[in-house]
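Asks: Input sequences plus hints: build the corresponding full structure.
As you go down the protein sequences, you meet chains A and B in turn. Each residue of the first sequence is one higher than the last, beginning at 1 in our numbering. Each residue of the second sequence is one higher than the last, beginning at 112 in our numbering.
In case anyone wonders, no lab produced these hints; they're calculated from the structure. Note that CB positions come from ideal geometry on N, CA and C, so glycine has one too. Just so you know, not all the hints are guaranteed correct.
[What the hints assert, rightly or not] A few chain A residues that don't get close to chain B, going by computed Cβ distances all over 10 Å: (1) Ser12; (2) Pro14; (3) Phe101; (4) Gly104.
[Claimed, not checked] To be clear about the criterion: a stretch of chain B counts as covered by chain A if any three or more of its residues have a C-beta under 8 Å from a C-beta of chain A, and this derived list gives those stretches: (5) 129 to 138; (6) 153 to 164.
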Amino acid sequence: KQEVTQIPAALSVPEGENLVLNCSFTDSAIYNLQWFRQDPGKGLTSLLLIQSSQREQTSGRLNASLDKSSGRSTLYIAASQPGDSATYLCAVRDQGGKLIFGQGTELSVKP
Amino acid sequence: NAGVTQTPKFQVLKTGQSMTLQCAQDMNHEYMSWYRQDPGMGLRLIHYSVGAGITDQGEVPNGYNVSRSTTEDFPLRLLSAAPSQTSVYFCASMKSQGNQPQHFGDGTRLSIL
Numbered sequence: 001k002q003e004v005t006q007i008p009a010a011l012s013v014p015e016g017e018n019l020v021l022n023c024s025f026t027d028s029a030i031y032n033l034q035w036f037r038q039d040p041g042k043g044l045t046s047l048l049l050i051q052s053s054q055r056e057q058t059s060g061r062l063n064a065s066l067d068k069s070s071g072r073s074t075l076y077i078a079a080s081q082p083g084d085s086a087t088y089l090c091a092v093r094d095q096g097g098k099l100i101f102g103q104g105t106e107l108s109v110k111p
Numbered sequence: 112n113a114g115v116t117q118t119p120k121f122q123v124l125k126t127g128q129s130m131t132l133q134c135a136q137d138m139n140h141e142y143m144s145w146y147r148q149d150p151g152m153g154l155r156l157i158h159y160s161v162g163a164g165i166t167d168q169g170e171v172p173n174g175y176n177v178s179r180s181t182t183e184d185f186p187l188r189l190l191s192a193a194p195s196q197t198s199v200y201f202c203a204s205m206k207s208q209g210n211q212p213q214h215f216g217d218g219t220r221l222s223i224l
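Replies: Structure (structure tokens):
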């Protein structure tokens with residue numbers, strides 16, 4: 001059974017710092033891996049999707065990497081801003097289309 | 112662009128009552144799914160559908176029913192509400208083909224007394 005783990009559960013950083021969020025999964029037979037952002041009381045917004053054949057994806061200040069063989073993904077946020085404060089979730093998609101989520105990392109960026 | 116629309120946004124029920132959570136998408140997505148989100152548990156898949164007329168169980172299906180009579184709609188029914196079903200429910204959709212992201216609704220916050 002696929003299990004997804006995110007470390008740390010919570011992170012507080014001062015504005016301007018670069019930071020890394022970690023995601024690990026137990027079964028390397030994934031279709032893709034997605035990173036989402038969730039603001040309090042809101043739904044999930046897709047940030048980046050990495051196909052199983054890819055190593056990384058970039059969008060603005062965000063960079064996500066994927067190492068299938070080791071079952072790891074990282075989300076790198078450059079020059080963090082208070083507006084980046086949210087919960088970040090990673091999810092792996094299996095061949096049938098189902099997403100298995102980690103429990104998320106709650107990020108707080110202090111001005 | 113409506114995307115994925117969930118109604119209602121909030122609901123309070125008494126134990127034993129039944130209700131239907133509505134979900135509609137206007138993106139012609141084949142794949143739709145329902146999740147529940149609980150503190151410390153992350154999002155867990157309840158039911159999903161790969162197309163009209165086809166549904167299947169996810170990780171936590173007990174106490175819930177779904178149907179998919181059209182591509183656009185995927186309602187979730189609570190048959191006899193229990194306090195353990197107090198949660199935030201999210202509906203999501205995506206294109207089945209290719210590497211496409213899932214689109215989520217804003218959620219329904221459900222309390223069972």
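Asks: Confirm or reject each hint.
Replies: Each hint, compared with the structure:
Every CB of chain B is more than 10 Å from the CB of Ser12(A) (nearest about 19 Å), matching its label as outside the interface. Residue placement check: Pro14(A) keeps its beta carbon more than 10 Å from all beta carbons of chain B (closest about 27 Å). With 10 Å as the threshold on Cβ separation, the claim that Phe101(A) sits away from chain B is violated: the shortest Cβ distance comes to roughly 4 Å. A beta-carbon of chain B comes within 10 Å of the beta-carbon of Gly104(A); the shortest separation is about 7 Å.
For a cut-off of 8 Å, the count of residues in the region 129 to 138 of chain B with a CB near a CB of chain A stands at 0, and the three-residue condition is violated. Proximity of the region 153 to 164 of chain B to chain A, defined as three or more residues with a beta carbon under 8 Å from a beta carbon of that chain, is established by the 6 residues found.
Violation of the numbered hints given earlier is confined to hints 3, 4 and 5; the remaining hints are satisfied by the structure.
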